[in-house]
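If you want the building blocks of each chain, they are given just below.
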Amino acid sequence: MTIRKRGEALTGMNGQTIQLLGSVLAIAAMVALAAWARIPKPCPPLDEESVRRRLAVEYPDDLVDAVWLAADGAGAISRSGDRALVLARLGDCWVARDLPWASALTSRIRGGRVRLKFNDPAAPRLSLAVSGVNPWPPSEPESDPYG
Amino acid sequence: MTLDPLKPAFDPVTLAIPIFVLTIIGEIVLSRFGKIKARYEARDTATSLLMGLGSSVAGLITGGAIFAVSLWAYQYRLFDIPMAAWWAWVVIFFLEDLTYYVFHRVAHERRFWWASHVNHHTSQHYNLATALRQTWTGGVAGTWLLWIPLTLLGFPPAMIAIQKGISLVYQYWVHTEAVRRMPAWFEAIFNTPSHHRVHHARNPQYLDSNYAGILIIWDRMFGTFVAERDEEPCRYGIVKNLGDFNILRVAFHEWMAIGQDLARARSLREMAGYLFGPPGWSPDGSRETSKIIKARWAARQAGLSPESPEGTDPTPVAP
Ligand SMILES: [Zn+2]
Ligand SMILES: [Zn+2]
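Here the protein sequences line up with chains A and B, keeping their order. Reminder that position 26 of the first sequence reads as 26 in the numbering used here, one-by-one numbering, no gaps. Reminder that position 42 of the second sequence reads as 189 in the numbering used here, one-by-one numbering, no gaps.
Because the hints were derived from the structure by calculation, they are not lab data. Since this is a predicted model, take the numbers as computed values, not measurements. You may find that some hints are simply not true.
[Unchecked claim] Here are the computed lysine-lysine pairs in the DSSO-like style, where the Cα-Cα straight-line distance is at most 30 Å:
#1 A:117 to A:41
#2 B:441 to A:117
#3 A:41 to B:182
#4 B:441 to A:41
#5 B:184 to A:41
#6 B:438 to A:117
Given the sequences, and given the hints that come with them, work out the whole structure.
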């Protein structure tokens, strides 16, 4: 490689590095602006009615037997036959997944949150806050309407 | 002006970057002061913009090889189409846009290519930042091969690259909720925010529609056009939305899911289905393709569940 070519390659490299740095700074500025603006979608805590409304969209063919709300309203686990339909807040939006009801009942609780696992690389885990008021798993009559 | 047929004189996307930044800032600030409709969430915005940055880095890595292939193919061209002729630009405008339509349709309807394109649809937001949520794996997915016929026809590789860039820049501005409808004549011919909102929507009736790049005429011609209806607001994202904002998950989740399925496949037929079937294909039909989702929706609308043609099943209807 001649000296001139090496010089050109280095300038090219530097040019790209500067472009990359500039892009990172611009991204940081735009993200900061988005945070400052406080213009998310309205995403109030869930109540039973809003859970049912949302599940009617996500799982329109499933009947919801019982609803368990996360302590902070940022999620819910609903029983539909032998399945658990899960809603969890992500930013200002909701994510829905389902798993066998039995697996939901035996999901681990750590740090005050029930950790639900899914066999899905798009959402391998979702966690919902539990509390004394809203313990997980729910008490018997609610958890087993067929029992 | 002399135009080099082999080396693009300029890259429309690079030139447009300052416009991208300024208009995103504009959309956020105007929405902040209640002047326009736009929703931003900081982490979602960060994910979109980092995907855009990653996409251009990936482009640097694979772009050279892809361009080299088109230079190689250009040797075998049928005609010598002059880059300086105005009519050549008119023809490539239409042919490139038709190619984009085909690419985009394949990218939605066949899982292997969906795995690369899905990331563009992973945001539940629809704003100018969403436009920059671009693929990292397009080079690997090989959809760029669809543009090679234009090279073989005799369009100079530089011309195709410039027209592809123009198309990408055009498609940027349609990613907004701030524009409700353009004038009717414009909505009839061009891809618009309204048409592309439908494309990003996960409402069953909106799935797999409006694949347009610049011109919406292809969707109208090939039966994939769906108009936005005000009484059915778009819910953005994918059928099963992502569980977090991790950009690696955005870029690779569908590839990982394909890998999982292939590892479980019991025959070549199953492998082919998992790779090249429609997204949501499964050997036993236990998952939902968009065709099934649409059929179930249509059945619910008609008051019938597909499982009970007699109409006895009181299936709840989505609001
Ligand atoms: Zn698309
Ligand atoms: Zn888009």
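Check: Hint numbers the structure violates, sorted upward?
Finding: none
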